[in-house]
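**Student:** Chain residues, written in single-letter form:
2 protein chains.
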Amino acid sequence: MNRQTFELLILGSSAASPTSERNPSAQLLNIAERFFLIDCGEATQIQLRKFKAKFQSIDHIFISHLHGDHFFGLPGLLSSMHLLGRKQDITVYCPEELKSVLDLINKVSETTLNYTIHWKFTKNDGLNLLFEDEKVEVYSFPLRHRIYCTGFLFKEKPLPRNIDKFKLDKHKVSTADILLLKKGEDVTNSEGELIKNSELTIDPPAPRSYAYCSDTIFNPPIVEYIKEVDVLYHESTFLEDLQARAKKTFHTTAKQAAEIAKMGNVGKLLLGHFSARYGTLEAFLDEAKPVFDKCEICFDGKKVKI
Amino acid sequence: MNRQTFELLILGSSAASPTSERNPSAQLLNIAERFFLIDCGEATQIQLRKFKAKFQSIDHIFISHLHGDHFFGLPGLLSSMHLLGRKQDITVYCPEELKSVLDLINKVSETTLNYTIHWKFTKNDGLNLLFEDEKVEVYSFPLRHRIYCTGFLFKEKPLPRNIDKFKLDKHKVSTADILLLKKGEDVTNSEGELIKNSELTIDPPAPRSYAYCSDTIFNPPIVEYIKEVDVLYHESTFLEDLQARAKKTFHTTAKQAAEIAKMGNVGKLLLGHFSARYGTLEAFLDEAKPVFDKCEICFDGKKVKI
Numbered sequence: 001m002n003r004q005t006f007e008l009l010i011l012g013s014s015a016a017s018p019t020s021e022r023n024p025s026a027q028l029l030n031i032a033e034r035f036f037l038i039d040c041g042e043a044t045q046i047q048l049r050k051f052k053a054k055f056q057s058i059d060h061i062f063i064s065h066l067h068g069d070h071f072f073g074l075p076g077l078l079s080s081m082h083l084l085g086r087k088q089d090i091t092v093y094c095p096e097e098l099k100s101v102l103d104l105i106n107k108v109s110e111t112t113l114n115y116t117i118h119w120k121f122t123k124n125d126g127l128n129l130l131f132e133d134e135k136v137e138v139y140s141f142p143l144r145h146r147i148y149c150t151g152f153l154f155k156e157k158p159l160p161r162n163i164d165k166f167k168l169d170k171h172k173v174s175t176a177d178i179l180l181l182k183k184g185e186d187v188t189n190s191e192g193e194l195i196k197n198s199e200l201t202i203d204p205p206a207p208r209s210y211a212y213c214s215d216t217i218f219n220p221p222i223v224e225y226i227k228e229v230d231v232l233y234h235e236s237t238f239l240e241d242l243q244a245r246a247k248k249t250f251h252t253t254a255k256q257a258a259e260i261a262k263m264g265n266v267g268k269l270l271l272g273h274f275s276a277r278y279g280t281l282e283a284f285l286d287e288a289k290p291v292f293d294k295c296e297i298c299f300d301g302k303k304v305k306i
Numbered sequence: 001m002n003r004q005t006f007e008l009l010i011l012g013s014s015a016a017s018p019t020s021e022r023n024p025s026a027q028l029l030n031i032a033e034r035f036f037l038i039d040c041g042e043a044t045q046i047q048l049r050k051f052k053a054k055f056q057s058i059d060h061i062f063i064s065h066l067h068g069d070h071f072f073g074l075p076g077l078l079s080s081m082h083l084l085g086r087k088q089d090i091t092v093y094c095p096e097e098l099k100s101v102l103d104l105i106n107k108v109s110e111t112t113l114n115y116t117i118h119w120k121f122t123k124n125d126g127l128n129l130l131f132e133d134e135k136v137e138v139y140s141f142p143l144r145h146r147i148y149c150t151g152f153l154f155k156e157k158p159l160p161r162n163i164d165k166f167k168l169d170k171h172k173v174s175t176a177d178i179l180l181l182k183k184g185e186d187v188t189n190s191e192g193e194l195i196k197n198s199e200l201t202i203d204p205p206a207p208r209s210y211a212y213c214s215d216t217i218f219n220p221p222i223v224e225y226i227k228e229v230d231v232l233y234h235e236s237t238f239l240e241d242l243q244a245r246a247k248k249t250f251h252t253t254a255k256q257a258a259e260i261a262k263m264g265n266v267g268k269l270l271l272g273h274f275s276a277r278y279g280t281l282e283a284f285l286d287e288a289k290p291v292f293d294k295c296e297i298c299f300d301g302k303k304v305k306i
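One line per chain: the protein sequences are B and F, in this order.
Taking the working numbering, the leading residue of the first sequence gets 1, the next gets one more, and so forth.
Taking the working numbering, the leading residue of the second sequence gets 1, the next gets one more, and so forth.
Since the hints were derived computationally from the structure, they do not count as laboratory data.
Each statement offered as a hint is correct.
It does not matter which identical chain is used: a pair holds within one copy or between any two.
Calculated cross-link-like contacts (lysine-lysine; reagent style DSS-like; alpha-carbon spacing at most 25 Å):
1) Lys-247 / Lys-107
2) Lys-248 / Lys-87
3) Lys-248 / Lys-107
4) Lys-268 / Lys-302
5) Lys-107 / Lys-120
6) Lys-155 / Lys-268
On a predicted model such as this, the values are computed, not experimentally measured, just so you know.
Chain B extracted, bound-state conformation:
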């Protein structure tokens, strides 16, 4: 069975300062051809080109917090969208102060964009619905970092029930009733017979979900927001020997990220936001896997099917 797309592209896997191998934070999430950009570190527009993503398809941008490695690519991306002829609106979900930065940049560069930006400001009070359409919903939730910061939770809407077409013909159900069946209701056929929903339909696949947690100190209360997600991205800026530094700078170690994944009983853990001090990254898996085995390292260009 072909399910709708739910695919993540890692555009940047570095913490604060980029390296020759790793760009700062940015991810492109495609759910049923809705393209969500999550954070937008410097050179995100260059990464989008490099990995052949169509950046004019992005209609929703989510910014977790206002450290530069999570938003310094936004002015350039919005500017290139404008220069390359964008007309359709875009929505930016972000901390409120970001708008003033973009407004000032447009003022000093005497730029008026050819399209409209809708600004939706995140809040710091639990799970907050930011976006919803017939297929997807997106929430923010609070993270604990040095400055105001939120994570994001992306969920498919429950899918309609799958109909057994062979049985449908046999039971002489009208086309009009198919919608009711998909919603899970029983129907009466053309011969006045009551047909139980369970006779004609089977369970659809469970809705999938993805949670993004960057940047944050090790913080078990977030498990409430990310529990049972299919894929969890959790920052792991440091290895265990720098746990004290992680705590001081409100970041997480790989092992701590694995503990969150385990507590949340998630399907898979993606580690990212690696400090520039690390060249190779095997040690992150060595420390995380004993705690939570279904764990992978992010690298720029990595694709994850959810």
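Following the hints, complete the assembly by docking chain F onto the known chain B.
**Tutor:** For chain F alone, coordinates are given in the frame of chain B:
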């Protein structure tokens, strides 16, 4: 004879929107181990790493104007300098409004840099001395663009006269008098004999110079500022068939840039700031060379010894 270094590294050769091959404007100029960064488009810090330039050696940054492709890399570069432990001061020469953008970004990200930025604001009134030490001087001069914009002129100071060491010994000149000779003065030796400067010294090489002109409409009055420079970088956003568009957007064609180089009798012309619409760039040389033959195309990573 080993002359002091005077070398340019092209970090970005694209106009407004980067391409997969070309980054936005930025150049690193090394004169006698003073490192001058000229413009700082998005991802300049990544280009510096890619081309193995030591970015903590940069003590002076020159920003021509406030279109994003000339400064969107500055917040990230200044932030990485901070994160990687910079302590020494830096000076940014730029339009005045840039300071307010950086101040706001530092405010919203709750960042206090570990080093001091000295801001020196450019002016729009002729040749203006921005920086000077014993070896180098740097000037700004006005360009004509859609918004306030300046070019930059980098000049070696006149070098001391070269002393013929063999003759020096023969004439018994004291060590103390060597400085006078280097300055071009005559001296009296230990035997009371007057020694003409011309007997002991030869002319030093002529001071070299580099001029940076981006962005600007075709504007012959700038020849006054760039005449006789060894190397001229002049923007050439478009080819001749888009001359009307060049005029309308206050840019220059390759042929027009060659006309400026010819009028200025410069040593060499570097073309850059190419519109993203062009893939290959041979046509820029085809149009410029018939007017001014000593002409080269910039590409990211190109080094030019001056």
